[in-house]
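All chains should be modelled from the sequences, with the hints used to inform the complete structure.
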Amino acid sequence: MNGKKAGGVRRAPQYLALAAYIVFLAFPLVWLLSTALKTPQEMAQADPTWIPREPTLANFADAFGEQDLVGAATRSLVVALLASVITVVIALPAAYAMARYRSLVNRIAIGWVLVSQVFPFILIIIPLFMILRDMDLVNTLPGLVIVHVTFTLPFALWMLQGYVRAVPPELEEAAAVDGATRLRSITSVVAPLLAPGVVATLLFAFISSWNEFLFALVILQDPDVMTLPLTLARFVGPEGVARLGPLAAASLMATIPSLIFFAIIQRRLKSGLMAGAVKG
Amino acid sequence: MTATVTKPPAPPARHVRRARRSRRSREMWLLMLPALVPVVLFSVGPLLYGIGLAFTDAKNTRNHETTFVGLENFVQLMGDDDFWSSFRIGIIWSVSVTVLQFLAALGLALLLNENLRFRGVARVLAVVPWAMPPVVIGLMWKLVYHPDAGILNSLLGTDINWLADFSLALPAIIVVGVWTGMPQTTVVLLAGLQGVPRELYEAVEVDGAGRWRRFWNITLPQLKPVIVAITSLDFVWNFNQFGLVYVLTQGGPGGRTRLPMLFAYEEAFRYRYAGYASMLGLAMAIVVLTVLGLYLWRQMRETR
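Taken in sequence, the protein lines are chains A and B.
To convert, note that position 153 of the first sequence is 153 in full-length UniProt numbering; the numbers rise steadily by one, no gaps.
To convert, note that position 54 of the second sequence is 54 in full-length UniProt numbering; the numbers rise steadily by one, no gaps.
Honestly, the hints are just simulated from the structure, not real lab data.
Computed from a predicted structure; not experimentally measured.
Each hint should be verified, as a subset may be incorrect.
[As the list claims (entries may be wrong)] List time: in silico SDA-like cross-link candidates among lysine to any residue, alpha-carbon distance up to 25 Å: (1) B/K59 - B/L31; (2) B/K224 - A/G162; (3) B/K59 - A/M135; (4) B/K59 - B/L77; (5) B/K59 - A/G162.
This is how it looks when you write it as C-alpha cells:
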C-alpha cells in the first residue's frame, strides 16, 4: 500500500513486532527441546544453557523406563482411533439431516451444539461417572471411548453440517432427475465432495481425544489403563519432583501425532476450518 | 388470467405435500438416530441428572442413599469462602486471558495479513500450540518456570519460584493461558481479515486515510461479528479450563490458582460430594451464561 521506496523503513516496526511474536511463541518450545536433549549433569548446573553442550538422546530412552509410555501411547491411539471413527460415522448422517432438512429437530440440534460448548463439563461428568460405574465401565477403555464420542460429537456435527451445506443441493436434484435413488445420489455425488471435510473432522476428533485430559482423569484411575496425557501428568508427581529430562522427552513424543496430523491438514485441505489461515 | 382458473385442485396437492413431508420427516429422524441415541444417553441425560443432583446430598460412592435437600447446597455454597475465592480467580483468569489473547492475536493476525517476510514461520508457530496436548503445554511451561533449571530465572537473573509464589502464580499461569489460546484466536481473526472486501480500503484511500484510520474505520467494524463470536467462546473455554492448570499448579499455592473447575473436580472426585459439586457446576453455568448473555446483548444493542 505504501510506495516501494518507503516500504523498507516503514516496515521496521512491523518486523520488530513479528520477531517479538516469533520469540514468544517459540521460546518455550525451544526450551522443551533443549531440556529433552540435556544430560542430568548439565541440568544440575546453576546457569542453564539454551543449547546443550553434550546433546544426548538418553532422556528419550529413560522416559520409557520411568513410565509405561509405550502402553499409554498404544491405549491413547486405540481410544482416539475408535472415538474419532465412531464420531464421524454417527455424525455424518445427522449432519446431512441438519443441513438438508428444515424442522424443529434441526433447530434443537443446532441449539444443543451451542449449549454443549457453554456448559461446564463438571455438570455432565459427575453423573456420567456414576452411570459408567453402574455399567462397570469405569477404568475401561470402552468407557472412555463412549465419553470421548459424546464430547467430540457436537463440534463434529457442526463442522460436517457446514461441509454438507457447501455441496449445492442442485447436484443431488440433478442426480435424482437422472433416476438415481436418494441413497445412490448421496454415495456417488455428495460423498466424494464431502471427503475432505470428513477427513478434517476425523482429524479434529482424533486430536481432541488424543489430547483430552479431564474425562480420562475421572474415568481411568488405575495406572494400568491410563492414556498418554495422564501418564505424562504422573511424571510430575504429587510434590512436583520429577526428572526433567525424561519428562521433556516424553512430552515431545506426545506431541508428534498432533503435529503430523496438522501437517496433513495443512497440505490436504483447501477449504474449511483453517482455510483462511493456511492459504498463502 | 382466465386460463389459470382451471388449475389443478388444491386439496390433492396439499395431501401429496403432507405425505411427502411425513416421509421426509421419517428420513430425517432415521438419519439423526445414530447421533441422537448417544447424545441423549451420555450427554443430555447426564446433564439433566446432574442438574437434579445439585439439589440432593448425593455422595459419589456406591450404594449411597440420596435424599432431596432443596436449596441446601446452594445456601452452603453461598457461605463457602473457597467458592467465592475460586470464582473470583476464575473471573480474573478468564477475563484477563480472553482480553490479552485477543489483543495479542489481533496484532499477530494483522501482521500475518501483511506481505511480510518470515510470516510463514510465524504462521506455523501459531498453529503449533493448538496441536499440543494441554498437559504437554503445562509441563513445558513448568520447565520454563522451574526455579533452578528453568530458563526464565536465568534470563531475568532472578531466583523466583514462579508457580509457588502467592502473588505471581496467577499472572504466571495467565501468560500460559494466553500462549495456549492465542493461536486459535489468531487463525479465526486472520480468516475474518481476509474476508474484508478490498474495495472498502480503496475507497478511503482516495480520501487519503492513513493506516490507523483504515484500521479504525474499516477493519475493526468489519471484523466485529468475528470478534464478538471468538471472544465470547474464548471466555467460556477459559472459564472452564482444567488440564493446563491442573498440571501447572494443581490450584496452588494455597488455592491462589484454584479455578472453579479445579475446585469442582476436588469436591466431586476427592471428597466425593457429588451433590455439592453439581451445585457448583450449576453456579458455573449460570455465571457463564449471565456474563455471555450480557456481553452479547450489549454488543447487539451497539450494532443497532
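Going down the list of hints, with the structure as the test:
Distance check on the hinted pair: B/K59 and B/L31 sit about 39 Å apart at the alpha-carbon level, beyond 25 Å; violated. With a CA separation close to 22 Å, the supplied pair B/K224 and A/G162 stays within the 25 Å bound. Of the supplied pair hints, the one linking B/K59 and A/M135 holds, its CA atoms being roughly 18 Å apart against a limit of 25 Å. For the hint pairing B/K59 with B/L77, the CA-to-CA distance comes to about 16 Å; that is within 25 Å, so the pair holds.
Proposed proximity of B/K59 and A/G162 is contradicted: the alpha carbons are some 42 Å apart, above 25 Å.
In summary, the structure is inconsistent with hints 1 and 5 from the numbered list given earlier, while agreeing with the others.
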